[in-house]
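Given the coordinates of chain D, work out where chain R should sit on it, guided by the hints.
From first to last, the protein sequence lines are chains D and R.
The opening position of the first sequence corresponds to residue 578 in this note's numbering, with each subsequent residue numbered one higher.
The opening position of the second sequence corresponds to residue 578 in this note's numbering, with each subsequent residue numbered one higher.
Among these hints, one or two may not hold up.
All copies of an identical chain are treated as equivalent in the list; a pair is satisfied when it fits inside any one copy or across any two copies.
To be verified - Okay, derived cross-link-like pairs now, DSBU-like style, lysine-lysine, Cα gap no bigger than 30 Å in a straight line:
1. Lys-736 to Lys-718
2. Lys-834 to Lys-784
3. Lys-780 to Lys-834
4. Lys-724 to Lys-651
Don't read these hints as lab results, they were simulated from the structure.
The model shown is predicted, which means the values in this text are computed figures rather than measured ones.
Number of protein chains: 2
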Amino acid sequence: MLQTKVAPIGREVRGLVRAGKLRHPTSGLAPGYVQANLAILPRDLAFEFLLFCQRNPKPCPLIEVLEPGQFEPKMSAPGADIRTDLPKYRIYRNGELSAEVDDLLEFWREDLVSFLIGCSFTFEKALLDNGIELPHWGTDKNVSMFKTNIVCTPAGRFKGPMVVSMRWIPRNKVVRAVQATSRFPAVHGAPIHIGDPAEIGVKDVNKPDYGQAWPAGSGEVPVFWACGVTPQAVAAASKPSLMITHAPGHMFVTDLKDEDVAAL
Amino acid sequence: MLQTKVAPIGREVRGLVRAGKLRHPTSGLAPGYVQANLAILPRDLAFEFLLFCQRNPKPCPLIEVLEPGQFEPKMSAPGADIRTDLPKYRIYRNGELSAEVDDLLEFWREDLVSFLIGCSFTFEKALLDNGIELPHWGTDKNVSMFKTNIVCTPAGRFKGPMVVSMRWIPRNKVVRAVQATSRFPAVHGAPIHIGDPAEIGVKDVNKPDYGQAWPAGSGEVPVFWACGVTPQAVAAASKPSLMITHAPGHMFVTDLKDEDVAAL
Numbered sequence: 578m579l580q581t582k583v584a585p586i587g588r589e590v591r592g593l594v595r596a597g598k599l600r601h602p603t604s605g606l607a608p609g610y611v612q613a614n615l616a617i618l619p620r621d622l623a624f625e626f627l628l629f630c631q632r633n634p635k636p637c638p639l640i641e642v643l644e645p646g647q648f649e650p651k652m653s654a655p656g657a658d659i660r661t662d663l664p665k666y667r668i669y670r671n672g673e674l675s676a677e678v679d680d681l682l683e684f685w686r687e688d689l690v691s692f693l694i695g696c697s698f699t700f701e702k703a704l705l706d707n708g709i710e711l712p713h714w715g716t717d718k719n720v721s722m723f724k725t726n727i728v729c730t731p732a733g734r735f736k737g738p739m740v741v742s743m744r745w746i747p748r749n750k751v752v753r754a755v756q757a758t759s760r761f762p763a764v765h766g767a768p769i770h771i772g773d774p775a776e777i778g779v780k781d782v783n784k785p786d787y788g789q790a791w792p793a794g795s796g797e798v799p800v801f802w803a804c805g806v807t808p809q810a811v812a813a814a815s816k817p818s819l820m821i822t823h824a825p826g827h828m829f830v831t832d833l834k835d836e837d838v839a840a841l
Numbered sequence: 578m579l580q581t582k583v584a585p586i587g588r589e590v591r592g593l594v595r596a597g598k599l600r601h602p603t604s605g606l607a608p609g610y611v612q613a614n615l616a617i618l619p620r621d622l623a624f625e626f627l628l629f630c631q632r633n634p635k636p637c638p639l640i641e642v643l644e645p646g647q648f649e650p651k652m653s654a655p656g657a658d659i660r661t662d663l664p665k666y667r668i669y670r671n672g673e674l675s676a677e678v679d680d681l682l683e684f685w686r687e688d689l690v691s692f693l694i695g696c697s698f699t700f701e702k703a704l705l706d707n708g709i710e711l712p713h714w715g716t717d718k719n720v721s722m723f724k725t726n727i728v729c730t731p732a733g734r735f736k737g738p739m740v741v742s743m744r745w746i747p748r749n750k751v752v753r754a755v756q757a758t759s760r761f762p763a764v765h766g767a768p769i770h771i772g773d774p775a776e777i778g779v780k781d782v783n784k785p786d787y788g789q790a791w792p793a794g795s796g797e798v799p800v801f802w803a804c805g806v807t808p809q810a811v812a813a814a815s816k817p818s819l820m821i822t823h824a825p826g827h828m829f830v831t832d833l834k835d836e837d838v839a840a841l
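Isolated chain D, as found in the complex (with noise of 0.2 Å):
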């Protein structure tokens, strides 16, 4: 008997973690939407943040900007609550992690501008699709990311390093992978760098900086993405009195399907 499993679409996600059933990493879920890292900067902040997006789009691909006070992401996610609908969220004060919590019905202000920025979710679906694995997909363990001696262009208060994420790609799959990720600069896009860590100063690819190490297969090219952990990296660095941020791998699902964000 052929039993079909529906995947579930990005509102039930959001409705499963507003109501306090899901509070685990998104990765693989809903799959085909558009996943998002969230960053919330008080007012004051948030020209510079928003132009430091603007001046590093491949790190800080931005999917919607909110308005001060509003938490309600109308183009991406109509009558979702930006404060009720991630399943996990850090907070930091003053560059320093203070809390881990599941809602921010509590902590949340008038003043509060909350980011979208596109995630890695969706150029991995693509490369998925043109016969790419990812070991890690759709399991709860995470891509290795490194901080690079790439240096972001600064905004106002905001400056740091570009962080990467590094995917094994076999050599008769690069050009593909090239293409594949291109077509998506609203979620990082085309790779930064392929082939040697050592250029973009990454000392030890099994040494990763954030997520997990993962072993090069035979015939296997290192293969470099900005990566959206490089805003959380840049603002922890510049040390804002207040930073929210989703838990990693905890995403903002929307209700924008990966076409939709699709640059052809």
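Okay, now just chain R, sitting in the frame of chain D:
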């Protein structure tokens, strides 16, 4: 005897402007170099206008945004001075044109934020390269532009209709026109409408709201692109205390080559 005419590069055009030797429109100058619309607003409106551009990337694609008080576009034209390197400027107070001037030296303030917004000259070159004729190209005459019934996504105090430019494209070149301009999202990118003008609220293609009318050739289709006049129309509607722009057609010529802003 063959005489080779070397086209001036961006920096040379700006040098002529700064020396007061060039006060005419910049269409056709420094071919292959990206030109930009200019909008300058006080700091207290800058976040909302930046957000407006982020939400409306087709009419308002950002090439560069400068920090408050800064007048050197370090990313797109190092060494340039936004206050002196455009042939002509317009100063609007409370939404009304108050002056047209040759430079901004006596108007400059420490709280002014400069926005450089992509201009259609780059994608027009792509159309020409693909064998599509544009009768206004390189003349001091302008393309036809229209206010539409398409409402821009508002941000803070900024809201208003999308302005579009229209070009007659031979029926058998319409697909190529979409492909050629899709490569350049930083300069308005793909068309927003093909065919019946009434569908986007344009009553008479022979009576443009800006620029001038151009007669249709045999077998030609009207094709509409989002237009860099939109931010001026929108900002004028919101009546900011001060807004400074380039004078129509008198653009800022950057050091970026067209291919530098190509998506793929």
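Results of checking the hints against the structure:
{"no.": "1", "hint": "Lys-736 to Lys-718", "result": "within (29 Å within a copy, 44 Å between copies)"}
{"no.": "2", "hint": "Lys-834 to Lys-784", "result": "neither (34 Å within a copy, 39 Å between copies)"}
{"no.": "3", "hint": "Lys-780 to Lys-834", "result": "neither (37 Å within a copy, 34 Å between copies)"}
{"no.": "4", "hint": "Lys-724 to Lys-651", "result": "between (33 Å within a copy, 25 Å between copies)"}
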